[in-house]
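S.K.: Sequence:
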Amino acid sequence: MTTNTEQTDVSLNGTAETGVPYGSNCLRLSLGEWFAVGLVVAATALAVPALWPVAERFEPGENYRIPYSMSNDYYLFGRYAEWAAGKYDTLVVGDSVIWGHYVSRGDTLASQLNRLVGKGEFANLGVDGIHPAALEGLLRYYGKAVSGKNVILHLNLLWMSSPRHDLQTDKEHHFNHPQLVPQFAPRIPCYKASFADRASVAVGRRVPLFSWVSHIDIAYFQGSDVPAWSIEHPYDCPFRAVTFRFAASDEYERNAEPADPSRDTVLDWVDLETSLQWRFFKSAVELLRQRGNRVFVVLGPFNEHLLAPQSLDAYRKMQAMIESWFREKGIPCFVPDVLPGEYYCDASHPLGEGYAELARRLVENESFWSAILRSKP
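Numbering of the sequence shown is given in the numbering used here, commencing with residue 2 and proceeding in unit increments.
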């Protein structure tokens, strides 16, 4: 028995003898068409983050601070920095000590300063867990709106209290905000991300679309991407999850107790000359000054009551060296005396009474009101 079978022979150049182009897709784009597609994708990538604020209204209230659950939302930080820079004379920048880890948003340092001067002059731009290496990246890539302002910049020496905190250890360990630290140079010994991950971060923080996508994930999908969220919520519509409502900005650890003053804590302070965190803090100061900001540094308050004598001596030597450096550079700096022990929750976070006392000391400091307030209240 014979069967008529049509066979198509394919030549070496990928074209069938019938003259039909060979390929797996029914539609094949020319070089010009690919170029047009690239233009459309690029325009969309630029337009969506820029136009998103029209749909997602952002109107922070009095004494606003970035919600704790959105500490990694750098797109939101950029929007808030822009809003605050247009409304407030002075921006208070730093880690959880500025953010107010154990107090309500009405008891933070910025809020206490507003209460003392009798007007809304200070904005809380604190971010929980933002160590100096990350702070420099946050300001460089997402804080460009902080320009030509008064900036109170907080330095917490807890980040230099051990090689681990200072990111010096060769052994890998996880730390806060790795997306903000330098990905390639200078080298951070404990940061062991792959080349692909580093390259992704380096590109992502320069392309607004990536930070916008991260914002959507954090704000509406509990930090997961949409596919992962859909697996956990198989019957929910992702579009309905985008409610245009953020988490509350008053999430904090309640029922905090004063730190136990009986502890005799020994800390392995790093050498200031080799400290990575100190290096990045100085870079952050220079960056702010290059943008025309008037920088005032607050060093502390650190809970010295917890330290063993040898650790306290090392701490005070480091404190004196840092204060000397700021004076040499002509940067106003305030080093408050240690607060009463009952005003601290731990090694560096005050309670509400501690913030009130620190604000009072700041306002009474001549260098502060001459540099920031311009006239004594």
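Derived by calculation from the structure, the hints in this document are not laboratory data.
Because the structure is a prediction, the values reported are computed rather than measured.
From the three backbone atoms N, C-alpha and C, an ideal C-beta is built for every residue, glycine too.
There may be inaccurate statements among the hints.
[Claimed, not checked] Restraint-style ranges between C-beta atoms, simulated for each label pair:
{"hint": "1", "residue 1": "ALA43", "residue 2": "SER368", "range": "45 to 51 Å"}
{"hint": "2", "residue 1": "ASP338", "residue 2": "ALA197", "range": "27 to 33 Å"}
{"hint": "3", "residue 1": "ASP261", "residue 2": "LEU47", "range": "14 to 20 Å"}
{"hint": "4", "residue 1": "TRP53", "residue 2": "PRO341", "range": "26 to 32 Å"}
{"hint": "5", "residue 1": "ALA197", "residue 2": "ALA37", "range": "47 to 53 Å"}
{"hint": "6", "residue 1": "ALA197", "residue 2": "GLY33", "range": "27 to 33 Å"}
{"hint": "7", "residue 1": "GLU324", "residue 2": "ALA43", "range": "46 to 52 Å"}
{"hint": "8", "residue 1": "PRO235", "residue 2": "ALA194", "range": "50 to 56 Å"}
[As the list claims (entries may be wrong)] List time: in silico PhoX-like cross-link candidates among lysine-lysine, alpha-carbon distance up to 25 Å:
{"hint": "9", "residue 1": "LYS120", "residue 2": "LYS88"}
{"hint": "10", "residue 1": "LYS88", "residue 2": "LYS145"}
{"hint": "11", "residue 1": "LYS283", "residue 2": "LYS330"}
{"hint": "12", "residue 1": "LYS318", "residue 2": "LYS330"}
S.K.: Decide, hint by hint, whether the structure agrees.
M.R.: For each hint, the structure was consulted:
no., hint, result
1, ALA43 / SER368: 45 to 51 Å, "holds (49 Å)"
2, ASP338 / ALA197: 27 to 33 Å, "violated (49 Å)"
3, ASP261 / LEU47: 14 to 20 Å, "violated (54 Å)"
4, TRP53 / PRO341: 26 to 32 Å, "violated (47 Å)"
5, ALA197 / ALA37: 47 to 53 Å, "violated (29 Å)"
6, ALA197 / GLY33: 27 to 33 Å, "holds (31 Å)"
7, GLU324 / ALA43: 46 to 52 Å, "holds (49 Å)"
8, PRO235 / ALA194: 50 to 56 Å, "violated (32 Å)"
9, LYS120 / LYS88, "holds (12 Å)"
10, LYS88 / LYS145, "holds (15 Å)"
11, LYS283 / LYS330, "holds (11 Å)"
12, LYS318 / LYS330, "holds (19 Å)"
Going through the hint list in order, the structure does not satisfy hints 2, 3, 4, 5, 8.
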